[in-house]
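**Q** Chain by chain, the residues:
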Amino acid sequence: MTYTSFMRAQYAVLWRSKQDVLNALLFFVIVVTLFPLGIDPSPAFLTPAAGGIVWCATVLALLMAIEGVFKEDYRDGSMEQWVVSGLSLSLLVLIKVMLQWGAVVLPLLVMTPLLGQMLFLPNDDLGVLMLTLLLGTPSIFLMGALGAALTVSLKQGAMLVMLLILPFYVPVIIFATSGLQAAQAGLPYSGFLAMLLAMSLLSLVVSPFLSAIAIKASVN
Amino acid sequence: MHFSVSLTISGLGIERSDRDLCRDLSFSVQAGEAIRILGENGAGKSSLLKVVAGVMSVQEGQIFFADQDVTLDRRLLQQTMIYIGHSTGLKERLSVAENIAFYSPHAPLDQVDQALRQLGLFHLQDVLVKSLSAGQARRVALARLWFTNASLWLLDEPFAALDASGVAMLEAHIQQHLSRGGMVLLTTHQAPCSLSVRELALVP
Numbered sequence: 001m002t003y004t005s006f007m008r009a010q011y012a013v014l015w016r017s018k019q020d021v022l023n024a025l026l027f028f029v030i031v032v033t034l035f036p037l038g039i040d041p042s043p044a045f046l047t048p049a050a051g052g053i054v055w056c057a058t059v060l061a062l063l064m065a066i067e068g069v070f071k072e073d074y075r076d077g078s079m080e081q082w083v084v085s086g087l088s089l090s091l092l093v094l095i096k097v098m099l100q101w102g103a104v105v106l107p108l109l110v111m112t113p114l115l116g117q118m119l120f121l122p123n124d125d126l127g128v129l130m131l132t133l134l135l136g137t138p139s140i141f142l143m144g145a146l147g148a149a150l151t152v153s154l155k156q157g158a159m160l161v162m163l164l165i166l167p168f169y170v171p172v173i174i175f176a177t178s179g180l181q182a183a184q185a186g187l188p189y190s191g192f193l194a195m196l197l198a199m200s201l202l203s204l205v206v207s208p209f210l211s212a213i214a215i216k217a218s219v220n
Numbered sequence: 001m002h003f004s005v006s007l008t009i010s011g012l013g014i015e016r017s018d019r020d021l022c023r024d025l026s027f028s029v030q031a032g033e034a035i036r037i038l039g040e041n042g043a044g045k046s047s048l049l050k051v052v053a054g055v056m057s058v059q060e061g062q063i064f065f066a067d068q069d070v071t072l073d074r075r076l077l078q079q080t081m082i083y084i085g086h087s088t089g090l091k092e093r094l095s096v097a098e099n100i101a102f103y104s105p106h107a108p109l110d111q112v113d114q115a116l117r118q119l120g121l122f123h124l125q126d127v128l129v130k131s132l133s134a135g136q137a138r139r140v141a142l143a144r145l146w147f148t149n150a151s152l153w154l155l156d157e158p159f160a161a162l163d164a165s166g167v168a169m170l171e172a173h174i175q176q177h178l179s180r181g182g183m184v185l186l187t188t189h190q191a192p193c194s195l196s197v198r199e200l201a202l203v204p
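These protein sequence lines map, in sequence, to chains A and B.
Last residue of the first sequence: number 220 in full-length UniProt numbering, and the count goes up by one each step with no gaps.
Last residue of the second sequence: number 204 in full-length UniProt numbering, and the count goes up by one each step with no gaps.
No wet-lab data here; the hints were simulated from the structure.
All values derive from a computational prediction rather than experimental measurement.
Accuracy of the hints is not assured; some may be wrong.
As the list claims (entries may be wrong) - Beyond 12 Å from chain A on every Cβ pair, some chain B residues (computed):
1) 76
2) 78
3) 119
4) 178
Said to hold, decoys possible - Here chain B is said to cover these stretches of chain A; the calculated rule only asks that three of the stretch's residues, wherever they fall, bring their Cβ under 8 Å from a Cβ of chain B:
5) 11-24
6) 70-81
7) 84-93
Positions of the beta carbon are idealized from the N, C-alpha and C atoms, including for glycine.
If we strip away everything but chain A, and leave its shape as in the complex, we get (with noise of 0.2 Å):
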């Protein structure tokens, strides 16, 4: 095993099994969907609440998308093979949440514009929102993933992944939708963005490195 080819393997296995990642992006459009419906579908709510759903739908989608990334690497142990292939258990499972990241977010991001019509937000934010989630979304991954590798060996260690994760989600979206309230009530956004560029490098940081230690103990 390399890392090229193990790089390979991951995206063909990630191409064979897009009916997750599908599914991740269908809950995501239902979320967001939901709420016009659901709440009050004119303008006056909707364009100062748009940032909120879609972040709290993006969270909810990529929860479930990160949730169990491991497990099947657990089942058939693969997982094993990575722990005494010799190489770095942190750059593996940081390659595989990476590939996964791209193949979620980035349809996310390219839905997001149709949906931001959707909820009435000015175009200008548009551009906002997804700075906001093209910041803050790495943050999520690298953190959903340490709680994955934390719970592979459960059997039912969804609900467990979320108790254990969704303290490091609040502040991502704090401040994701604070900075797109701040471009909408005209005021300057950047220290916003800045602050999710560093939770996502600290998230960069410390998840592989954490991980690798889970995965290690997962498997023992």
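Guided by the hints, dock chain B onto chain A, whose structure is given.
**A** Then chain B, alone, in the frame of chain A:
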């Protein structure tokens, strides 16, 4: 290619779920030697292989490979070792050829073709592992042994689900590896017919 390294295990203790599987286990594997680990179900045969491979951590004792202590940092050993566990590590959603490319990316194509023909998998190259039988999947997992330069093979129940011709083929291949100075540690319940192995009994 000839290997001339040895593996020495001294004072190894394995503990699983607060139960001692073995205490103070010491043995060494010399170049060209195969060791069959014996023991009842649950005696810790698989655990022993996992500990040597580095999947499970060492509770006590030391592991030496090529005269170096690899107890804590197993990378030196892992670079020249192959471990095939009870769960084979095959990706069900990938085809036979893709699985081989995943685990043995450096294998030359003609060599892959030849080995697949020998293993009777040539016509199954593009079939997903999901739809293979247990014996065929086991052959795909074992195909790694045909493309490797590893000196130490750790095989957990390699003969499980194999038919008679598969067993004979694997035994011949292991014998060839031993004649080049390789080392094999394996667990199996059926006694190998043509293979000369040293037996090591695990007693609790």
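**Q** Each hint needs a verdict: does it hold in this structure or not?
**A** How the hints compare with the structure:
1. 76: 9 Å, violated
2. 78: 4 Å, violated
3. 119: 19 Å, holds
4. 178: 21 Å, holds
5. 11-24: The restraint on the stretch 11-24 of chain A holds, since 4 of its residues have a Cβ under 8 Å from chain B and three suffice.
6. 70-81: It holds: at least three residues are needed, and the stretch 70-81 of chain A offers 7 whose Cβ sits within less than 8 Å of chain B.
7. 84-93: Per the Cβ count (3), the hint holds.
Hint compliance for this structure: hints 1 and 2 are not met, and every other hint is.
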